[in-house]
Amino acid sequence: MSADPTQVLAFETDCHIFDGCGFPAPGLHSFLFEPIIGHQDDAIYFNKTMLLALLGSIIVIGFFWAAFRKPKVVPGKLQMVAEAGYDFIRRGIVYETIGKKEGEKYVPLIVSLFFFIWMMNLWSIVPVAQFPVTAIISYPAVLAAIVYILWVSLTFKRHGFVGAFKNFTGYNKELGPVLPLAMLIEFFSNLLVRPFTHAVRLFANMFAGHTLLLLFTIASWYLLNGIGIAYAGVSFIMVIVMTAFELFVQALQAYVFVLLTCTFIQGALAEHH
Amino acid sequence: MSQLLILAAEGEAENPLIPPIPELVIGLLAFVIVFGFLAKKLLPNINKVLEERREAIEGGIEKAEAAQTEAQSVLEQYKAQLAEARHEAARLRQEAQEQGAALIAEMRAEGQRQREEIVAAGHAQLEADRKAAASALRQDVGKLATDLAGKLVGESLEDHARQSRVIDRFLDDLEEKAEATR
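Same order as they appear, the protein sequences are chains A and B. Whatever position you read off the first sequence (first residue = 1), add 34 for our numbering. Whatever position you read off the second sequence (first residue = 1), add 13 for our numbering.
Pulled out of the complex, with its shape left as it was, chain A reads as follows (with noise of 0.2 angstroms):
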């Protein structure tokens, strides 16, 4: 391992091709930050992904606050785009999975988490900043376990003890002597992967993201010295589209976490077959 372990940004070294120096390649090392206070070790410690969690959330209430504080019958610029963002989660997404009915009690959860985790997954691509908070396992853990409780909650409260059993397990008298199988691995599939899954796919598609940035980047640096030159004006087009593309990818994950979770309290409130 040639690269510092420590090293944060691209250019923080000197090394370049052709100088001797192996390729700076980002890693795990990538995602760790030194505690801004305190120390890794202890109990208490603040680091840059959560001083970027804390400044994504008052951006996002900052925005709302701007447009949904004084709402208008007649909405202004700011208030028509929160309306339309607002306006897709609750009907294009709660509407059409939970039903209208019973969905409206989600609405504001299902808002928050959307523009939270689109607000998170943003940090990506702001300059400085530069690092999606949910490529941190703890962030997208910590959203997954809120839903995996009211979901299982709900389900419990909907169905009583043995209907939310048959519901996690997909209780269905048709499958004879395949039952026992069918009913292990649906209670494994739904109780214990589910929100696992529900967490590492948002963490797992930024942390991918954001290391593909971290070595086109890198790349763009370490290439720049004589004939790598060429090479580094390709990886650093590769960086634009990259770009262009977690931008595509944040949008769509933060919806495809949101969806989920709708889908699972759909699959909460509705009869077992």
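FYI, nobody ran anything at the bench for these hints, they're computed from the structure. Among the hints, a few may not be true.
Claimed, not checked - Among the chain A residues that face chain B by a calculated CB cut under 8 angstroms, a handful are:
(1) ALA87
(2) ILE170
(3) ALA175
Here a beta-carbon is modelled for each residue, glycine too, at the ideal position from N, C-alpha and C.
Given the coordinates of chain A, assemble chain B onto it according to the supplied hints.
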């Protein structure tokens, strides 16, 4: 090999899938703040306004619908009035025609009657004239005949009574002859 083990050990220590507690707490806090603001204050705000807007739009639509209904009813009323007026006109025309025909018939009858009256009056006048002429003729003829007879006989028949008797007898004879020849 040893390097791989070190790497594996490092990976274990820095497993990106094991969340540190402080980050979890901050993550939860950050989301709860967003959720709290949106769910308690901002989304109810916008929902109220969206509802107001919906009502305003629906009110506008209702107003337009009311106006349309009114226009429709006015149009129907107008059409009904027009039809009634047409009907009335047709009826009046019919009546006028009937009246005209009746008038013509009446006038024709009146003309007929007047004609008949005139004819009858003419007849009566004629009869009266004829009678008067006959009477005058009778006197004249009697006188002429008497004069003639007197001249022829040579004697004056002064005696009026006798004279008139003779004339009457003569005329009666004439009439009887006329009756017989008729």
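**OP:** With chain B as the partner, please determine if A:ALA175 meets the hint condition of a C-beta pair closer than 8 angstroms.
**Re:** holds (5 angstroms)
Original post:
Would the stated hint for A:ALA87 survive a check requiring a Cβ distance to chain B of less than 8 angstroms?
Top reply: Holds. Min distance 4 angstroms.
Subject >> Satisfaction of the A:ILE170 interface hint, Cβ to chain B closer than 8 angstroms >> reply: holds (6 angstroms)
Consistency with the previously given hints is maintained throughout, with no hint failing.
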